[in-house]
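Q: Top line first, the protein sequences correspond to chains A and B.
Residue numbering for the first sequence follows my numbering, starting at 1 and increasing by one per position.
Residue numbering for the second sequence follows my numbering, starting at 480 and increasing by one per position.
Bear in mind the hints are in silico, worked out from the structure with no lab data behind them.
Be a bit skeptical, because a hint or two may be false.
[What the hints assert, rightly or not] With a straight-line Cα cutoff of 20 Å, these simulated SDA-like cross-link-like pairs (lysine to any residue) come out:
#, chain 1, residue 1, chain 2, residue 2
1, B, Lys800, A, Glu113
2, B, Lys799, A, Cys112
3, A, Lys48, B, Arg532
4, B, Lys556, A, Asn26
5, B, Lys556, A, Glu331
6, B, Lys533, A, Pro56
7, B, Lys556, A, His281
8, B, Lys556, A, Tyr337
9, B, Lys533, A, Ala51
10, A, Lys48, B, Gly530
11, B, Lys556, A, Trp330
12, B, Lys800, A, Pro24
13, B, Lys800, A, Asn26
[To be verified] Chain A stretches covered by chain B per the calculated footprint, using a threshold of three residues with CB under 8 Å from any CB of chain B:
#, stretch
14, 28 to 39
15, 108 to 119
16, 147 to 159
Model, not experiment: these values are computed from the prediction.
Think of the CB as a built atom: it goes at the ideal place given N, C-alpha and C, for glycine as much as any other residue.
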Amino acid sequence: MISTVLDSKTIKKLYKRMVSIVGPENVHRQETDKVLNAHDAWPLSEAKLRAGEMLPLADLLVFPSSREEVAAVLVAANELEIPVTPVGGGAGTCGGTLPIYGGIQLDLKRMCEIYEIDDQSMTIRAQAGVVGIDLEEHANRHGYTLGHTPTSLRASNLGGFIATRSGGSMSSLYGKIEDLTLGLEVVLPDGSITKCKAAPRQSVGPDLRQLFIGSEGTLGVITEATLRLFPLPEERRFRSFTFPNVHSGLEAIRNIFRIGITPSIARLYDPEDAAMSFSMHFEFEEGHCMLLLGFDGDKVRVDFDERKSVDICAKLGGTDLGEGPSKRWWEHRYDMYYPTRLTTSGYAIGDTIDIVATYDKLERVYDSMKKAMEADDAIVMSHFSHMYQNGGSIYMIFFTSQPSAETAWATYKKIWDDGVAACLREGGTMSHQHGVGLSRSTYTEDELGSLFPVLKKIKEVLDPKGIMNPGKLGLGVRK
Amino acid sequence: MTFDETLAEQIRLCAACPKMCRHVCPTFFAWRSDSPTPHGRALLIHQDLVGTRKIDDRGIEVLYQCLECSHCLTWCKPEVDIASIVEQKRKELVAEGRRPGGLTEMAQAIKECHNPFSEPHESRNNWLSANGKKKGKSLLYFVGCTSSYREKEIAANTVDLLESLGYRVLVAGGSQGEWCCGSPLFRTGDVELGMELAQHNTEMLNRMNAEEIIVTCPGCFRSLSKDYPANGLMINKRVRHISQLLNEIKESLPVFDFEEKITYHDPCHLGRHSKIYDEPRNVINRVSGSKLVEMERTRENAMCCGNGAGLRTLFPEHAKKIGSERVRQAQSTGASILVTSCPFCKNMLGSQAENSLTVLDLPEFVLMAMRGRKLKTH
Numbered sequence: 001m002i003s004t005v006l007d008s009k010t011i012k013k014l015y016k017r018m019v020s021i022v023g024p025e026n027v028h029r030q031e032t033d034k035v036l037n038a039h040d041a042w043p044l045s046e047a048k049l050r051a052g053e054m055l056p057l058a059d060l061l062v063f064p065s066s067r068e069e070v071a072a073v074l075v076a077a078n079e080l081e082i083p084v085t086p087v088g089g090g091a092g093t094c095g096g097t098l099p100i101y102g103g104i105q106l107d108l109k110r111m112c113e114i115y116e117i118d119d120q121s122m123t124i125r126a127q128a129g130v131v132g133i134d135l136e137e138h139a140n141r142h143g144y145t146l147g148h149t150p151t152s153l154r155a156s157n158l159g160g161f162i163a164t165r166s167g168g169s170m171s172s173l174y175g176k177i178e179d180l181t182l183g184l185e186v187v188l189p190d191g192s193i194t195k196c197k198a199a200p201r202q203s204v205g206p207d208l209r210q211l212f213i214g215s216e217g218t219l220g221v222i223t224e225a226t227l228r229l230f231p232l233p234e235e236r237r238f239r240s241f242t243f244p245n246v247h248s249g250l251e252a253i254r255n256i257f258r259i260g261i262t263p264s265i266a267r268l269y270d271p272e273d274a275a276m277s278f279s280m281h282f283e284f285e286e287g288h289c290m291l292l293l294g295f296d297g298d299k300v301r302v303d304f305d306e307r308k309s310v311d312i313c314a315k316l317g318g319t320d321l322g323e324g325p326s327k328r329w330w331e332h333r334y335d336m337y338y339p340t341r342l343t344t345s346g347y348a349i350g351d352t353i354d355i356v357a358t359y360d361k362l363e364r365v366y367d368s369m370k371k372a373m374e375a376d377d378a379i380v381m382s383h384f385s386h387m388y389q390n391g392g393s394i395y396m397i398f399f400t401s402q403p404s405a406e407t408a409w410a411t412y413k414k415i416w417d418d419g420v421a422a423c424l425r426e427g428g429t430m431s432h433q434h435g436v437g438l439s440r441s442t443y444t445e446d447e448l449g450s451l452f453p454v455l456k457k458i459k460e461v462l463d464p465k466g467i468m469n470p471g472k473l474g475l476g477v478r479k
Numbered sequence: 480m481t482f483d484e485t486l487a488e489q490i491r492l493c494a495a496c497p498k499m500c501r502h503v504c505p506t507f508f509a510w511r512s513d514s515p516t517p518h519g520r521a522l523l524i525h526q527d528l529v530g531t532r533k534i535d536d537r538g539i540e541v542l543y544q545c546l547e548c549s550h551c552l553t554w555c556k557p558e559v560d561i562a563s564i565v566e567q568k569r570k571e572l573v574a575e576g577r578r579p580g581g582l583t584e585m586a587q588a589i590k591e592c593h594n595p596f597s598e599p600h601e602s603r604n605n606w607l608s609a610n611g612k613k614k615g616k617s618l619l620y621f622v623g624c625t626s627s628y629r630e631k632e633i634a635a636n637t638v639d640l641l642e643s644l645g646y647r648v649l650v651a652g653g654s655q656g657e658w659c660c661g662s663p664l665f666r667t668g669d670v671e672l673g674m675e676l677a678q679h680n681t682e683m684l685n686r687m688n689a690e691e692i693i694v695t696c697p698g699c700f701r702s703l704s705k706d707y708p709a710n711g712l713m714i715n716k717r718v719r720h721i722s723q724l725l726n727e728i729k730e731s732l733p734v735f736d737f738e739e740k741i742t743y744h745d746p747c748h749l750g751r752h753s754k755i756y757d758e759p760r761n762v763i764n765r766v767s768g769s770k771l772v773e774m775e776r777t778r779e780n781a782m783c784c785g786n787g788a789g790l791r792t793l794f795p796e797h798a799k800k801i802g803s804e805r806v807r808q809a810q811s812t813g814a815s816i817l818v819t820s821c822p823f824c825k826n827m828l829g830s831q832a833e834n835s836l837t838v839l840d841l842p843e844f845v846l847m848a849m850r851g852r853k854l855k856t857h
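Bound-form chain B, shown alone (with noise of 0.2 Å):
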């Protein structure tokens, strides 16, 4: 048994609770059914912790089936945590080599290519050009297993927005250089081999001649900021999320008339579990000179992309249901650029969009205005 007393009790709290978080959980919404949800999973542990029954192959399949975008926690009066507790329970479930097969299979390809893809780690930085600027403030541009292998085009988009706003941008390639930030193990348990890549990520960060990190990946921003200090790895320099950067200079960014409406989405990562709300608003509402149309579901109620803690790589098809019910709340808005400050959620709601919305990433937003190109819109 890994749970002390206070988290037995919070566990009691929610196997025992009338589901009253139920109709946001995503993964409820992708099932329809009790079993995927912070109910079923409380009660699963539950009954493991008091010894009414184990958690079979089934159980741990469900354990599985959970964003850990903490939806629910909005929801919950008693705040009951339940996607850290499963988390935790994830933890053990990896010690015992009960993992599923599928995770086991991406840790492996964590572990031998630094990616969660299978792409070779001297491919990382392809995407980059060798006309860095030499000047400015140095910044550290962290750039993230999806930015590097599947949103290259953000990746570039970045290192392009933060030179043309004068910053001199690194990056750190090769074979000790930048690996996955490990966001992908800590959220399935696998501490141990998250722990080996945040060793080698602090290490290397830490060597660079740099004046602060950027990241644009929240999943990255959470391991960086708050998972690697948990774990007694601290980072030699202010690590910031690129809103949190644009905010801060948002005077300076120019105005674009986009002649649509926007909307936007909150990544769990960088809401719910770093409470960044504002800042990426305030860049939207700068740099199109216009408020941004708001989903009914936002900011701490705001549903997530489906992409999350493993579900898409388990899970596909009920992974790119939840993306699409996200765009289909984009389109209620009226809305046809949906915004939002993540590659992996741009990953996810661009694919379910296909043509039916623009999805971009803040940093593509951005540039975008700062290009004034007009967008084509659908």
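Looking at chain A on its own, in the form it has when it is part of the complex (with noise of 0.2 Å):
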């Protein structure tokens, strides 16, 4: 059993181990080290940092700069017995990188290498540590891109990206993460280095590369990656609708993809999110929803997918509003991330679970849980985004402003498990791309059902001593 506490000559032991292996400059042990790197972007750890509440520490901080040095580090930590919770660009929402048993935080941001373009297989190589938005304008520079655009993009790193299963915005045309990656390298916890080739599709067993994306370091620490890129498009065109509900939006879409058409972009957000987000901006029908489209590729291509669904929307009664919403959500896509004097004031805290189901099951899954959300006090909006041709996902955000920090966290608990209960009831699958790590962790054995034991037989082999990123994914909780 690993330990969750570590005594003081073990953490002496364990620094002087790590420093053999990255160098005294490279393993932290001050408390103002371990504070400012613990947090990832998780609403409930940065809500509890407001309140001046403290998060959990690791006992040690190693920055490693190669796979070579990931492979000693998790060599010692098996060896000792020790924890060791993996970080990428500490830009998740589900506190994937809370080092909640204490032990080694294992940081890739020194793994930031971009290695060379393959023009001829349209690829790029790049170690784990490099971060999202330095990795795709080093591909705009050479005419690519890798069509990977979450909100994120400046903070999250490639090694995360690939962790949680990231999906960008325009993830119906490019695909998630796990549609991008080719190649994949890892380092398993008893520190041999393996490799998934670069393929474009392959037929020797099952897809071992799918089991380590979305692994959320639990199953080995990812350390350098093969991605897809994709021609700069030579167009980028955006078209908006209004529809008087959420049904015929998303019946817009759904008949969009039924006849081969790809948007980059389709989002509808539902009345409250249509409000809050555009009504500021733009004219429309109180009570309306909002759909976003935009179209990537060449003239005649976009030409084509855009005529088509003009008139998909136009039959099923959608109300053209031109290019303007959609044009101006993509230009101010990254400013709804920004925290704002409301959501940081007082015991405000917000979050968003973002489910996905297919299209016979969405609706439902929809109204099941704004109502179930909702009984819990909660300021409910959401949007459908990441569409595709069976289904999608929902962005379902909530807010809620209570009086005391004991409330907060308590009605931030019950919203999410309330939340979740009805996604699941009505068959939808509760994480489409920011993973499950902490803030999920509990749902997961109901949300995989059968296949839990699976995870977790997977995860014995693997990690018999449990040392890898303990307490997420479900696997390793402690008591």
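The two chains are supplied separately, each in an independent frame; assemble them into the complex guided by the hints.
A: Written out as structure tokens, the structure is:
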């Protein structure tokens, strides 16, 4: 069993060992560094910090520079049975990098090398610690895009994308990170370095690459990846429609995908979110939903896709608002990620439950979750985004402001519990792109059902001492 | 507690941010840790303010791992000026006697020698030739410590240039002449000593008989034009950066074909802190007869050279790493000449460029054009 609180003798021994691997300047044991590096962007962590609470701290922060150093750190941790929490950009929203049982925070930020672009195959290889925007800008300089633009792009990094099965705002067209990752390098808990070759498709048993994509540091440490690239689109065009209700808007999206058109952006804002996000800037009927569409490609293709989509929207009762709202959203898409006075005052707390479901269940999931969360005194506003041929995701955004920390944290948990329960009851899947981390860890068993024991067995085989990110993804949770 | 409710709110916003500016923070680039970042600094101050935990010695170090470049502000939608907040916190630390030792030594040097390099004050104007021009509009050149002691050719070239343009240039020498402007002290929290220098310089400048004051160092420019008035000291003459003067008379400047691509580095004190972006560019374009090639990160989004706010004094290797990255960014434009408008930036960038790029301060660049001298580029 791994230790939960390290004694000073063990910490001293561990420090010495870590220093021998990465050098003294890359091992930190001062409390200030532990505090400043402890948290990701989980709203509960941020709210607790604002409220003056301390978060769980690691015993040591270790910053490796190579796969070999990562391997040596894991060998030592395994030997000493010390928990290891891998850290990427620290931009996750689920508390996945909180070192809840102490031990080592293994921070990959120094591993930020971008290697060659393979023009012929349209791929790029990079170390896990490269920040998303640096990778995207590098690709842009060579005429490519990764097509992966999550709102956290400036803070999140490649390893974090892959570890959490991240999705960008244009995942409808370009895919999520699991679609974009062709090759992968992972250091296993015993220190062995494994590589999944970059191949467009393969037929050599199960796709083991996918085992590590979304493993959230519980099965190993992602150190390098090869990603797909796309030529920068010749044209990106925007179009916006309002619909009288969620149903008609969703029908429009479903029918657009059904005839084989794949917009880069397809986002439907429910009446509350539409009012919040667009009513200050555009005139439209109160209580209506807002559909944002984006089309990427050459002019001929964009013309065709846009024309067909406009026809479908018009037939289903949509009112054409031109490019305005959609273009504005694109230009301001990072704005909502900044804190505001409202969302940081007192014991205010908000979060997003990013669920996903097939079209046959999507509206029911939305209705049930909204009802359940509103019953807990939450303000709920939602948009359907990351849409695909067979269904899509809903961003169930909630906000509550409470008189005390105690009631705020309890209400927050109740909204999550009831929201996720409603999602699962209606056949939805509890996360589309944010991952599980700590915030959803306790729901993992219910979500995976009969597959959860399979995941546990895999974990036991790869990480018999349970050193890797314990407490996350429903694995290694201690009472 | 020195922060009022509004500032406390600003600090809370920054401490609660999912790090939307961290990717441009030069100290994040240098350390690749969440500690020396805008968010890290805000969280430290927030926790101190709400009583979660006091700032310890390592916390002080983190607060001094900031260049005060305000690049973060460019990317901050709520417009939290965390660099100013850090500067305010530094004042408190200095008052408590908790400033890092390296900066106490620097302050001592400034107090004793009137420059941060511990050089004798008597040698401040050793670069100056005795044959000054006696006619023309009189300009009082506030030289600054970097040009006086470390980049003397900038000082000499500036006088040559201004005299060639028909001005009479005065430099305040002697024990009651020019002292350090106080910038290194204002930026690192020692306002008390900074104001002693400011008081001296203001009296000296107000005594001098000249039509206006010209500075080449943006650190001095910010001190004279912003810090002094903010602290109640008014200079009785117009203070301009040399790029503003040269821009005003750009039609009379010579044109010279440098036959090389030229790029420009925005000094933080001149750009983000004083909003002077176009003037040096106009001068470069006029003098070279061609449009300069911009770096990817430019103007409000320009990366700091790494030399500011005591960073090079306390953490020289990390400061040089930042300077080296800025040089790399300049090289990636394909330019062979990197012009800046700051002796301090030139000092850092020049040292990191070695033989890969010719780094020049704006007056040097214009003087070369005037002399029609071909540059030795690499």
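Q: Now tell me if each hint is right for this structure.
A: For each hint, the structure was consulted:
The hinted pair formed by B:Lys800 and A:Glu113 meets the criterion: a straight-line CA distance of about 16 Å does not exceed 20 Å. With a C-alpha separation of about 19 Å, the suggested pair B:Lys799 and A:Cys112 falls inside the 20 Å cut-off, and the hint holds. Restraint check for A:Lys48 and B:Arg532: satisfied, since their Cα atoms lie roughly 14 Å apart, inside the 20 Å limit. Straight-line distance between C-alpha atoms of B:Lys556 and A:Asn26 comes to about 33 Å, which puts the hinted pair past the 20 Å bound.
Distance hint between B:Lys556 and A:Glu331 is fulfilled; the C-alpha atoms sit about 13 Å from each other, no more than 20 Å. For the hint linking B:Lys533 to A:Pro56, the alpha-carbon distance of about 17 Å falls within 20 Å, and the restraint holds. Taking the CA atoms of B:Lys556 and A:His281, the gap is about 18 Å. The hint holds against a cut of 20 Å. Note on B:Lys556 and A:Tyr337: the hinted pairing holds, with a Cα-Cα distance of about 10 Å set against a maximum of 20 Å.
For the hint linking B:Lys533 to A:Ala51, the alpha-carbon distance of about 15 Å falls within 20 Å, and the restraint holds. As the CA atoms of A:Lys48 and B:Gly530 are separated by approximately 13 Å, the hinted pair is consistent with the 20 Å bound. Proposed proximity of B:Lys556 and A:Trp330 is supported: the alpha carbons are some 16 Å apart, at most 20 Å. Restraint check: the Cα-Cα separation between B:Lys800 and A:Pro24 comes to about 19 Å, which is no more than 20 Å; the hinted pair holds.
About 16 Å separates the Cα atoms of B:Lys800 and A:Asn26, which keeps this hinted pair within 20 Å; it holds. Counting residues of the stretch 28 to 39 of chain A whose beta-carbon sits less than 8 Å from any beta-carbon of chain B gives 8, enough to reach three: the coverage restraint holds. For a cut-off of 8 Å, the count of residues in the stretch 108 to 119 of chain A with a CB near a CB of chain B stands at 3, and the three-residue condition holds. With a threshold of 8 Å between beta carbons, the proposed coverage of the stretch 147 to 159 of chain A by chain B holds, since 3 of its residues qualify and at least three are required.
Hint compliance for this structure: hint 4 is the single one not met.
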